[in-house]
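Residue numbers (the numbering used here), protein chains in the order written: chain Y, 1 to 588; chain E, 1001 to 1336; chain D, 2001 to 2140.
Simulated from the structure, these hints should not be mistaken for laboratory data.
Small disclaimer: the values here were computed from a predicted structure and weren't measured.
Just so you know, even glycine gets a beta-carbon here, dropped at the ideal spot from N, CA and C.
Incorrect hints may appear among the rest.
Rough simulated footprint, nothing fancy, chain Y against chain E, three-plus residues with beta-carbon under 8 Å [what the hints assert, rightly or not]:
| hint | region |
| --- | --- |
| 1 | 1161-1171 |
| 2 | 1185-1199 |
| 3 | 1232-1242 |
| 4 | 1269-1278 |
Here is what each chain is made of, one letter per residue.
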Amino acid sequence: MSEVSLTIDDKDIIVQEGMTILEAARSVGIDDIPTLCYHEALAPYGACRLCTVEITSRGKSKLVASCTYPVEEGLEVNTRSDVVIAARKVLIEMLLARTPHAKIIQDLAEEYGLKETRFKVDRPEELCILCGLCARFCEEVIGASAITFAERGIDREITVLPEITAEACIGCGACAKVCPTGLITLEDIYGRKVLHSEAGLGPSTPIYVPFMYAVPAVPVIDHDTCIHFKTGGCKLCERFCEVEAINHEMEDEYEEIEVGSIIVATGFQQFDPSAITQYGYGRYDNVITGLEFERMSNASGATGGNILLADGTEPKSVAILHCIGSRDKNYHEYCSRVCCMYSLKYSHLLGEKIPDVDIYQMYIDLRCFGKGYEEFYNRLQEEGVNFIRGRAGEVTNVAETPEERGKLIVLVEDTLIGRQRRIPVDMVILSVALEPQADAEEIARLVNISRSADGFFLERHPKLEPISTATDGVFVVGCCQGPKDIPDTVAQASAGAARALAMISKGRVEIEAAISVVDEELCSGCKTCIPLCPYSAISFGEEKKVSVINEALCKGCGTCAAACPSGAITSRHFTTEQIMSQIEGVLV
Amino acid sequence: MAKLKLALYWAASCGGCDVAVLDVNEKILDVAEIADIVLWPIALDFKYHHVEAMEDNAIDVCLFNGAVRNSEQEKIARLLRDKSKTMVAFGSCACFGGIPALGNFTNRAEIFERAYVEAPSNDNPGRTFPQTMTQVDGNELELPEFFDTVLTLAQVVDVEYFIPGCPPPVDLILKVVDALATGQLPPPGAVIASDKTLCDECDRKKEEKKITKIYRPHEIIPDPERCLLEQGIICCGPATRGGCGLRCIKANMPCRGCFGPPAGVVDQGAKLVSAIASIYQAESDEEIARMVKEIVDPAGTLYRFGLADSLLRRKRMPLAKAPSAVARPLVEVIGR
Amino acid sequence: MSFEPKIVGLLCNWCSYAGADLAGTSRKKYAPNVRVVRVMCSGRVEPTFVVKALQSGADGVLICGCHPGDCHYIEGNHKAARRIPLLKKMLAQLGIEEERVRLEWVSASEGDRFASIVDEMTEQIRELGPFNPNGGGQDG
Chain Y
1 MSEVSLTIDD KDIIVQEGMT ILEAARSVGI DDIPTLCYHE ALAPYGACRL
51 CTVEITSRGK SKLVASCTYP VEEGLEVNTR SDVVIAARKV LIEMLLARTP
101 HAKIIQDLAE EYGLKETRFK VDRPEELCIL CGLCARFCEE VIGASAITFA
151 ERGIDREITV LPEITAEACI GCGACAKVCP TGLITLEDIY GRKVLHSEAG
201 LGPSTPIYVP FMYAVPAVPV IDHDTCIHFK TGGCKLCERF CEVEAINHEM
251 EDEYEEIEVG SIIVATGFQQ FDPSAITQYG YGRYDNVITG LEFERMSNAS
301 GATGGNILLA DGTEPKSVAI LHCIGSRDKN YHEYCSRVCC MYSLKYSHLL
351 GEKIPDVDIY QMYIDLRCFG KGYEEFYNRL QEEGVNFIRG RAGEVTNVAE
401 TPEERGKLIV LVEDTLIGRQ RRIPVDMVIL SVALEPQADA EEIARLVNIS
451 RSADGFFLER HPKLEPISTA TDGVFVVGCC QGPKDIPDTV AQASAGAARA
501 LAMISKGRVE IEAAISVVDE ELCSGCKTCI PLCPYSAISF GEEKKVSVIN
551 EALCKGCGTC AAACPSGAIT SRHFTTEQIM SQIEGVLV
Chain E
1001 MAKLKLALYW AASCGGCDVA VLDVNEKILD VAEIADIVLW PIALDFKYHH
1051 VEAMEDNAID VCLFNGAVRN SEQEKIARLL RDKSKTMVAF GSCACFGGIP
1101 ALGNFTNRAE IFERAYVEAP SNDNPGRTFP QTMTQVDGNE LELPEFFDTV
1151 LTLAQVVDVE YFIPGCPPPV DLILKVVDAL ATGQLPPPGA VIASDKTLCD
1201 ECDRKKEEKK ITKIYRPHEI IPDPERCLLE QGIICCGPAT RGGCGLRCIK
1251 ANMPCRGCFG PPAGVVDQGA KLVSAIASIY QAESDEEIAR MVKEIVDPAG
1301 TLYRFGLADS LLRRKRMPLA KAPSAVARPL VEVIGR
Chain D
2001 MSFEPKIVGL LCNWCSYAGA DLAGTSRKKY APNVRVVRVM CSGRVEPTFV
2051 VKALQSGADG VLICGCHPGD CHYIEGNHKA ARRIPLLKKM LAQLGIEEER
2101 VRLEWVSASE GDRFASIVDE MTEQIRELGP FNPNGGGQDG
């Protein structure tokens, strides 16, 4: 591409051929050419004419729309000459007459020193300035063409054709986002309540960084919501990425990697408290889970670390309910271990962030088992947190007294004083159980390990082998083995890494001694054993017409030995003679 | 060299083993050359008292065929044992119980009821049964006692050699005769047959042992080139000693196990259950139930010749008192 | 007069033996009538073992393996699932009650289940009576 030299506002610049004057100006930092119908992602339209500039070429001057006029060699451009300003003022007056209440037009008027318009105001409530951004975006970028211009002249309008739009509109909200006057809005007609637009707490753009401090801190495209995959259009992100890092055509790659050991660290999932309907999660805006509170409290979170109710105000009273889904015969009988401590932590955080907040902890037991934990609990008692010993029974918004109105009321039996209580609060935090991931069964089958009764992966021995599993070389660490807090997880993870490294550094693996062996003298080549081996350890030796077992592959299950009709296969250390002797022995 | 003294006796037997001996045809003359037969009820006129008169170990070899299922057979088995140096269990009945051992699915009471009362051709309203002692015209008539349980020879007396087969094939008989003549006998307890199973000598094509249906032999005409078991027909060959010359297989019929289990197998029927169930492709409960249904008579099919020799030996019947036959525990039998 | 059944248990090392172990470490109280013989996999259990157990004086045989799909050796238990029903049909023909041979799936975490299976089977066999290894019939 060749270069063009021109002058903008007495500044000599050199730009690529093909650029418009507006693009050229913005590329060198001249940002004050106003536009209404221009968008980087769209083809220039030249509808609003606000970007008018004065160009002088070969001695002749004229006014042109900078958004459409291409740069020329030797062009002289003036973006703020008197002629230009005067022209813009007229335009703005006209716009004021069309949409007197559009904020963006009012701002422009103020910038150009206009207080009123001399033109007749047809419809004061009009907000559409006919910039066409919505229609053009929907067509050129999204590819849906659900919203369009219609009619001509003074009847020109932006409209939808219901039969077509009902099918074509994908609800992406692009039109609402680009509309400069706010005429187009996106409405949540299904009443889905969302608190915050982060970490699964609300909608986010299809291309997003999962959360701040994600590792790696690169965005990822959600295939299911990305507009390109719906309509074939958009791909704006790719267009604007300067390092060309985005590729919508990336395919999943399947790699086969041979490894000697596997560490399973697949973590846990949160129990979904909407199953326990009496706590109102999902029904009441201000009933949230511990993890949601954690994100809210985080300085890099959606609220900047402020604890806010759904309406944006600060809660004055908070109830923290322990054992939601844990220690519960109906859901999980086990204790999730970490919730007591994080519940106490929240009390402390709340106290720091909201002075004079009333905090209630509804607990069954307080499990403060670690270093400094019990001391922390004592401190909280001194900080004035209210501890109520009783698992909360219900959260309701039905007020029985004037004080309860507008609040969430926690019904709990306070077993220390032996009375039922109603505690009105602004916010309820549910300390939910940690449970195994939904795909735990699949993973267990994949790497051939078992699960304990609670669904977490089973360690080889509850005391002596908490990392290894029944399958050599497969280790389980972290919460996938059972609920645990960070220090314990780190310890387990270190242990898992150490075990794997030990295997690697040894350089050899000891093969199981208890394997099966074929006696060639007895094998008659009937081939009964061959399809039985799940490890394909048995093959047929054509020369001697007998079965042969590969020592390295045989795991010693003995299935072949049991099936062999001629008794030619011996399962070492579990021979037929040995087992028969044991049977005789136990019956003495 | 003095001629060998040879005795042949038939107990619970069909007579086929004796016919098999005769089947050596002209080679019988070779036998006559090396041996004097001192007892052979089917062919010669020697009586029990001739045997009783002999010294112990006077007989060199006794070829005993047939299972032991009454007191006379037991008595003669013991008598011949005393009078013989070498006792040979000749034929599947003596070795394993054979077809008569299928009587171990029942007992004397049921057999007598069927034979003397229920059978359609009977007319016995008075329910007259044979007795061991009866007075007839002032004389005492003694009949052998009928046992509840059929026994193998080795369950009654010590046995040196076993020649399996129903009947043993001619060439095997000749091999034994030859060995006897030359004195080159295998160690006592040996089974004079192949050490491997029938599959070793079977020349049918073996591809993959996976079946999805079991057929009874009459339900299909099997491919004579392919392994019968792979075609879904229960062939006991994989758990049966070889050495019979594939007599049944060559007739496109499955092996029925008359040569008994190979050395490594202590219960032929149980091993066959294991092998057949292992190769049958069935995962769901319905498929497994179908497999079980398709095998119409597992005990009869898989213990056809060896019920008396199996670990359980017989069907459990409601007990009145201790069994009447004195059966020797398996471990005491020589060579097993 | 009740007798104490002798039941031989053939338990697979990874799941059912560990499950039985768990019943022990959990201090569960249950009938002591099952005498356990450990095998690596329920697929190692051959019908011969069951028959041998009965012939050697057992009144019942309990075979336990991993749940289908969870076998430590992938599918050894599938083979056991086929062999035992066929064996039981054959044993029925030999006059042996089907309650005397039982195949169950017990996982490493099912100590309770193992204990209740043992209790149940012990009572069932107590009601059936002793198994007579010599069989025999009635003298008519």
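Results for each hint:
no., hint, in the structure
1, 1161-1171, "violated (count 0)"
2, 1185-1199, "holds (count 5)"
3, 1232-1242, "holds (count 4)"
4, 1269-1278, "holds (count 5)"
In this structure, only the earlier hint numbered 1 is contradicted, and the remaining ones agree with it.
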